[in-house]
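Chain by chain, the residues:
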Amino acid sequence: MSARHGDESERTTRSSSRGGSRSTAQDAPWSAGPQTVIGDAPGRVAFDSSDLKPVGARPPLLDYLVSLWGARHFVIYDARVRLAVSQDHTVLGKVWLVLNPILFGFTFYLIFGLLLQTNRGIENFTGFIIIGFMMFFYTTRSFVAGARSIANGQNLIRGFSFPRAALPLAINVRQALSQLYVLAAMFALVLVVPPSERVGLHWLLVIPIFLLQTVFNWGLGMLFAPLVHKIPDVGNIMAVVTRLWMYSSGLFYEPSRFTDNATILALFHLNPLYQILQMTRGVMLYDTLPSMEQWSLLVVWAGGVWLLGLIAFWRNEESYANERR
Amino acid sequence: MNAADSLFEDPKASTPETPRPRPGDRHSGQPQAAAIRPAVVIDDVSMVYTVTSTGSEEEDQVHGARRLARRALGRPPIVKNHALTGVRLLIEQGEFVGFIGRNGSGKSTLMNIVAGQMNPTNGRVWAVDRPAKLGVNVALVPALSGDRNIRLGCLAQGMTPGEVDEVFDELVEIAALGKALYWPMKAYSSGMAARLRFAVATATNPHVLILDEALSTGDAQFQARGQARMQEIRKNAGCVMFVSHSMSEIRNLCTRVVWIDDGHVVMDGDTKDVVDRYDKYMGLLADGNLLSARAFRDECAGQYRPLAWMGGSL
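These protein sequence lines are chains A and B, in that order.
Going letter by letter, the first sequence gives residues 1 to 325 in my numbering.
Going letter by letter, the second sequence gives residues 1 to 314 in my numbering.
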């Protein structure tokens, strides 16, 4: 039958009073049964509403995670090709993926190892500072990119429907892939730059540290993405926060040499990035394995931030489609 | 009916108490036992944008502390733009519905809301399937080549790599881009981008396809292909929602037309009927007869009967 609803359904005498609150799956106007009648007699028609699903509604958290798993192919492909073309505008192209971190680390060797020849009482200061910068900037890069993932993914958000958490995840996968080059450069520099360290099986512990750091970054991105989307001003504050964070993570100094204050030292100690740097340096430079306490601190930080970030991101799922004007 | 001027003033205005049987009402006198199969139900959707306005004397301003705070910061005041007001529509499977209206009448806003790309300030949209929308703004990832964009777009719609491989050649054929397929998308003309985007959007055989002036940038060959593909989707128990300013396209393709003006549905019904009246309205506007155009629009709107949900079963 060819239904012209303007013709068929007559206006009902029951005036609509469902203003204000947004209808959800639970209070659909036709929720009384699988079939619904529209319009007043005699022009009324029935329709089968059993197949209808709300558009753009946020699924329950577990379903959301399942759909995020379903988007894994998209996530991986997006991360891979975007990393692959990220240097296409340069002359050397993909070589920069390797060259960038090596030059980055080399500058520190130049300044601190050759020029200043300072060590501030730290053994293998060049290695100390190379590891510090290379591990620290992984988190800030992922943090900033993850927090802006909604704005940068607007084309895809407008074009397709997928769980939006795939965007910060794809960015973190991409950052993790590029961090692999950085880690390779870091290993090479620590081995080559004097005083060179000896490689050992315990260096493999960098892998779980790296993985935990990745989970932490991912959670951080999900936590801040909805905030930056709602209040763009947060994007400007993030630069200040990351700088503050940099100076409070002991990138180029050992805090215990500057203060005896127990509170300040405890604050350093609770800083997950400080712990990540210390653990990596311990493994690679000083042949000391991270303590159980360090591991558990990092696990709690990574797991906690990830869970918080996931919930915050999921709760705002419906808002990412809204245009900012 | 109310005075013509007040017709669009208050969306919550009370409705006429007595339903008038309309001429040509095929089903009067007998309730329909056979259930119709909806593809999209638009339930009481309203959309209010807040925009900054530099000339906001007689506009609907946002008041209160927010206004004072913006004044103190030297930012322009924000005003409300009622893009859609209380739109209720039901679109059946197999329908090809055209949406017409002037620029800024709310057509694209409605399409964005149906596609889930925007949340209405009030109301909700229900659909049998995730609607796939194809708009004028079709860039995907500008830095990626066309073939990578096709793959990325398909994966973003939840296809597996295996499924993408299966349909990939077919999509390349639909897009018909030739060697440009391997160029970065930023080098595409708008028509080429539209071809690629169209191929991706129809890859999953969506049940609900929304075309927001998507074919307008294409050439004749692409328009013919696009129309064939849309008929195919319609046959697979889907529906197509079609926004266009080309009345000949609307007349040729659509089985039903909705005329939207100023965020309200003015008419909803038979293609010829609605398009004829819309043409007359636009003619009046073009001649500068603003008052008679408005009176004519309000007369049309006065005959429109929006849907009402009664709930329960027959």
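Hints are computed from structural coordinates only; laboratory data are not their basis.
In this text the structure is predicted, and so the values were computed from the model without any measurement.
Just so you know, even glycine gets a beta-carbon here, dropped at the ideal spot from N, CA and C.
Among the clues, some could well be false.
What the hints assert, rightly or not - Below 35 angstroms or equal to it, Euclidean Cα-Cα: the simulated DSBU-like pairs (lysine-lysine) are:
#, chain 1, residue 1, chain 2, residue 2
1, B, Lys186, B, Lys272
2, B, Lys80, B, Lys235
3, B, Lys280, B, Lys235
4, B, Lys179, A, Lys53
5, A, Lys53, B, Lys235
6, B, Lys80, A, Lys94
7, B, Lys280, A, Lys230
8, B, Lys80, A, Lys230
9, A, Lys94, B, Lys186
10, A, Lys230, A, Lys53
11, B, Lys235, B, Lys272
12, B, Lys80, A, Lys53
To be verified - Just some of the chain B residues that point at chain A, by a computed CB distance under 7 angstroms:
#, residue
13, Ala127
14, Val128
15, Thr160
16, Gly162
17, Ile233
Hints, verified against the model:
1. Annotation: proposed proximity of B:Lys186 to B:Lys272 is violated, straight-line Cα distance about 40 angstroms (limit 35 angstroms).
2. Distance hint between B:Lys80 and B:Lys235 is unfulfilled; the C-alpha atoms sit about 41 angstroms from each other, more than 35 angstroms.
3. Among the hinted pairs, B:Lys280 with B:Lys235 is consistent with the structure: their alpha-carbon atoms are about 33 angstroms apart, no more than 35 angstroms.
4. Taking the CA atoms of B:Lys179 and A:Lys53, the gap is about 41 angstroms. The hint is violated against a cut of 35 angstroms.
5. For the given pair, A:Lys53 sits about 21 angstroms from B:Lys235 by alpha-carbon distance, which is consistent with the 35 angstroms threshold.
6. Between B:Lys80 and A:Lys94, the direct Cα distance comes to roughly 49 angstroms. Violation of the 35 angstroms bound is thereby established for this hinted pair.
7. Annotation: proposed proximity of B:Lys280 to A:Lys230 is violated, straight-line Cα distance about 44 angstroms (limit 35 angstroms).
8. Note on B:Lys80 and A:Lys230: the hinted pairing holds, with a Cα-Cα distance of about 19 angstroms set against a maximum of 35 angstroms.
9. At roughly 20 angstroms between alpha-carbon atoms, A:Lys94 and B:Lys186 fall within 35 angstroms of each other, so this suggested pair holds.
10. With a C-alpha separation of about 27 angstroms, the suggested pair A:Lys230 and A:Lys53 falls inside the 35 angstroms cut-off, and the hint holds.
11. For the hint pairing B:Lys235 with B:Lys272, the CA-to-CA distance comes to about 22 angstroms; that is within 35 angstroms, so the pair holds.
12. Distance check on the hinted pair: B:Lys80 and A:Lys53 sit about 30 angstroms apart at the alpha-carbon level, within 35 angstroms; holds.
13. A cut of 7 angstroms between beta carbons decides the hint on B:Ala127: the least distance to chain A is about 5 angstroms, and the hint holds.
14. Using the Cβ-Cβ criterion of 7 angstroms, the hint placing B:Val128 at the interface with chain A is satisfied: the shortest such distance is roughly 5 angstroms.
15. For B:Thr160, the shortest C-beta to C-beta distance to chain A is roughly 6 angstroms, which falls under 7 angstroms, so the interface hint holds.
16. The restraint placing B:Gly162 at the interface with chain A is violated, with a minimum CB-CB distance near 9 angstroms, outside the 7 angstroms limit.
17. With a cut of 7 angstroms, the hint placing B:Ile233 at the interface with chain A is violated, because the nearest CB-to-CB distance is about 17 angstroms.
Hint check: violations occur at hints 1, 2, 4, 6, 7, 16, 17; the rest are consistent with the structure.
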